[in-house]
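Protein chains in written order, with the numbering used here: chain A, 155 to 347; chain B, 4 to 540.
Just so you know, these hints were derived from the structure itself, not from any lab.
Be aware that a few hints might be false.
What the hints assert, rightly or not - Okay, derived cross-link-like pairs now, DSSO-like style, lysine-lysine, Cα gap no bigger than 27 angstroms in a straight line:
1) A:K225 <-> B:K395
2) B:K21 <-> B:K42
3) A:K303 <-> B:K32
4) B:K140 <-> A:K185
5) A:K303 <-> B:K140
6) A:K252 <-> A:K272
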Amino acid sequence: MGFRKHLEKYRPGIIDNWFKSIVATYPPEAKKLFSNQSDSFNNPVGSTTLKSLENVFDALLNEMAAAEIKKRLDPVIRIRAVQEFTPTQALYFILDLKRVVRDVLKKELKAKDHEIQKGLQAFESQIDILLFTGFEIYMGCREQIYSYKANHVKDRTLRLLKKANLLCEVPEVGTEIIPHNVYKNGGFDDTKT
Amino acid sequence: MDIKPEEMINIDNKPPQKSWMDVRPDLSKGRYCYPSQPKALEYLGMPNPREWSPADDDWKLPPNWQEIIHEGFKERLGKYRSLKVFMDTCVRCGACADKCHFFIGTGDPKNMPVLRAELLRSVYRNDFTTAGKILGKLAGARKLTKDVIKEWFSYFYQCTECRRCSVFCPYGIDTAEITMMARELLHLLGISIHWIMDPVSNCTRTGNHLGIQPQNFKEIIEFFCEDIEEITGVAIEPSFNRKGAEILFITPSGDAFADPGTYSFMGYLMLFEAIGLDYTLSTYASEGGNFGLFTSSDMMKKLNAKMYHEARRLGVKFIIGGECGHMWRVLHQYMDTMNGPADFLEVPKSPITGTVFENAKSTKMIHIAEFTADLIKHNKLKLDPSRNDHLKVTFHDSCNPSRAMGLLDEPRYVLQNVCNYFYEMPPNTIRENTFCCGSGSGLNTEEIMELRLRGGLPRANAVKHVHEKYGVNMLACVCAIDRAVLPPLMDYWVPGVGVTGLHELVGNALILDGEGERTMNLRMEDLPGAEGDDDDE
Numbered sequence: 155m156g157f158r159k160h161l162e163k164y165r166p167g168i169i170d171n172w173f174k175s176i177v178a179t180y181p182p183e184a185k186k187l188f189s190n191q192s193d194s195f196n197n198p199v200g201s202t203t204l205k206s207l208e209n210v211f212d213a214l215l216n217e218m219a220a221a222e223i224k225k226r227l228d229p230v231i232r233i234r235a236v237q238e239f240t241p242t243q244a245l246y247f248i249l250d251l252k253r254v255v256r257d258v259l260k261k262e263l264k265a266k267d268h269e270i271q272k273g274l275q276a277f278e279s280q281i282d283i284l285l286f287t288g289f290e291i292y293m294g295c296r297e298q299i300y301s302y303k304a305n306h307v308k309d310r311t312l313r314l315l316k317k318a319n320l321l322c323e324v325p326e327v328g329t330e331i332i333p334h335n336v337y338k339n340g341g342f343d344d345t346k347t
Numbered sequence: 004m005d006i007k008p009e010e011m012i013n014i015d016n017k018p019p020q021k022s023w024m025d026v027r028p029d030l031s032k033g034r035y036c037y038p039s040q041p042k043a044l045e046y047l048g049m050p051n052p053r054e055w056s057p058a059d060d061d062w063k064l065p066p067n068w069q070e071i072i073h074e075g076f077k078e079r080l081g082k083y084r085s086l087k088v089f090m091d092t093c094v095r096c097g098a099c100a101d102k103c104h105f106f107i108g109t110g111d112p113k114n115m116p117v118l119r120a121e122l123l124r125s126v127y128r129n130d131f132t133t134a135g136k137i138l139g140k141l142a143g144a145r146k147l148t149k150d151v152i153k154e155w156f157s158y159f160y161q162c163t164e165c166r167r168c169s170v171f172c173p174y175g176i177d178t179a180e181i182t183m184m185a186r187e188l189l190h191l192l193g194i195s196i197h198w199i200m201d202p203v204s205n206c207t208r209t210g211n212h213l214g215i216q217p218q219n220f221k222e223i224i225e226f227f228c229e230d231i232e233e234i235t236g237v238a239i240e241p242s243f244n245r246k247g248a249e250i251l252f253i254t255p256s257g258d259a260f261a262d263p264g265t266y267s268f269m270g271y272l273m274l275f276e277a278i279g280l281d282y283t284l285s286t287y288a289s290e291g292g293n294f295g296l297f298t299s300s301d302m303m304k305k306l307n308a309k310m311y312h313e314a315r316r317l318g319v320k321f322i323i324g325g326e327c328g329h330m331w332r333v334l335h336q337y338m339d340t341m342n343g344p345a346d347f348l349e350v351p352k353s354p355i356t357g358t359v360f361e362n363a364k365s366t367k368m369i370h371i372a373e374f375t376a377d378l379i380k381h382n383k384l385k386l387d388p389s390r391n392d393h394l395k396v397t398f399h400d401s402c403n404p405s406r407a408m409g410l411l412d413e414p415r416y417v418l419q420n421v422c423n424y425f426y427e428m429p430p431n432t433i434r435e436n437t438f439c440c441g442s443g444s445g446l447n448t449e450e451i452m453e454l455r456l457r458g459g460l461p462r463a464n465a466v467k468h469v470h471e472k473y474g475v476n477m478l479a480c481v482c483a484i485d486r487a488v489l490p491p492l493m494d495y496w497v498p499g500v501g502v503t504g505l506h507e508l509v510g511n512a513l514i515l516d517g518e519g520e521r522t523m524n525l526r527m528e529d530l531p532g533a534e535g536d537d538d539d540e
């Protein structure tokens, strides 16, 4: 039996251990809540995380396209990017899949079957690439959050400039932040003509 | 730093396994709201104005800070029976634990309402109960230290006073009131946040949070009227500070200043025009919101007083209030006993339908959603809901109007009449069980954006569900803070969902006498299918 067949066979165990390991990064009280899958609306962190892990695992197993894998990995990272984790803590779960798979398939790997070893290697390379995908998503989330903060300051400044009458419309150019007393004629200095 | 490659992968990914009393609060940058400026505290005559930062080791507390807290606690226990009951009755059943959006989003156990309350309760036991005095930690008591003060600051500013937990508490413990008391105690030491104290100080001076002067307030509204005329062809001239008007209208200043609240303000103006209401706006009582609620009961009373004061000065019959969240908690639960009875006003009676609002018999102030719902019920508005046909709308119950005053069906009734596509989120996330936006009670500040995003996750998660299931692309609400904070929350968790006030949708559907054909909505965006719509070309 090829390595991927084993992954398929042990899918429930792998997902379960992978999920347990990610939930263990939260305090015990939260672990209890996040593990309870009875109502996804009362437990968005746990339900989204589990669903995301399942989807990512299936995507790896079926060697789906990079864009699809990114889409499936996004929800869990989007959550961890706003929780109080360091970047390493937020993303470590990706590499942890290697340990989980080696643990669950311990017996099969012991056999030192060449095909299985080759399959493991290929799967672990997929996980390495998954880490980079995760890094991209994480940075995207962080940049999004910074943009909210930056836009807040920009909007506030723009409002103040408007209030102080320091904005004017420049034909053909659009609205620029130019003091009125410099470009009183809509941006064209007619004293030169 | 000298780190070997193998140490790089040696990751400690596990949370600390200590008793909660031994875990110190993390107040590094990004995990706290900016503190208030000395200027604001001086203006308000509040204690210990100074420059300080929560990230500092030394918070520059007054030398007798322990005594101040002890005496302040004692005074409040004597003054408020509810506080005493809330301190004594909790049996730690845990019904509230997983109901708080901050706990659900963060997993931090100190965000479980039961444990957040324990932060205060432990000091109460130590100082005021015999068991606590004798048994100490065994009885869940602990001494007040500077770290406890820091912990209070951290966690009582991670509570939005939304009261979802209270819905599930078998004893009816109101965690919002516990947070209010903890914040009051912190204020005695000069510990407060900029985003609350600046609005409070502005409000004391100009009557609104943003410090808008009367002439600017008038200008802003006139600017809205110009836009309305451009969109509808109908000129509206509202009156300001007009004595003898029948009704005084008060809404949060956010509606005058921040999109998309501004479009709801335009909606109010159009509605009043459509029915020929005899009303006036006040440039003094120009704020419905009351950040005094997040400061102290005295401050709340002071800021609220201007409503009745202005109503009396102008000689109106009753007051209509706009779409706001915490404003309605103050009005519905405190105003009557704080600044009432308003016996100089009349029981609100709609001059258009004759409906008497018995529910506001005492406060003499009604919510615009109930007023509008009554107009629609009596067929007094000409509406074209198809103008909102490009929107698939869901409704977010803002915490205070839903849980603090029971305004549940009126906004829904209005929505169902002004738009054709309305979808509810799952039952355990709406009405009394609604999830908070994650930024209420003065936490709508950008320095804690991550906290707001994780606190708002349960709300966003339910929106995501209806977005995926029904294609919902608009989230309607009746709260100014919601309108300010839900747009980034949606952008992060559910891109493609916009945010609107209820009366923006009313304004769009409303047919005014003498209006021209509408080609734009109140945001001046082309209406789908209308002339000038780019998509049609």
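Evaluation of the provided hints:
Of the pairs offered as hints, the one joining A:K225 and B:K395 holds, with about 25 angstroms between alpha carbons and a cut-off of 27 angstroms not exceeded. About 40 angstroms separates the Cα atoms of B:K21 and B:K42, which puts this hinted pair outside 27 angstroms; it is violated. Between A:K303 and B:K32, the direct Cα distance comes to roughly 14 angstroms. Compliance with the 27 angstroms bound is thereby established for this hinted pair. As the CA atoms of B:K140 and A:K185 are separated by approximately 26 angstroms, the hinted pair is consistent with the 27 angstroms bound.
Distance check on the hinted pair: A:K303 and B:K140 sit about 42 angstroms apart at the alpha-carbon level, beyond 27 angstroms; violated. Only pairs whose Cα atoms come within 27 angstroms are accepted, and A:K252 paired with A:K272 is accepted, the gap being roughly 14 angstroms.
Violation of the numbered hints given earlier is confined to hints 2, 5; the remaining hints are satisfied by the structure.
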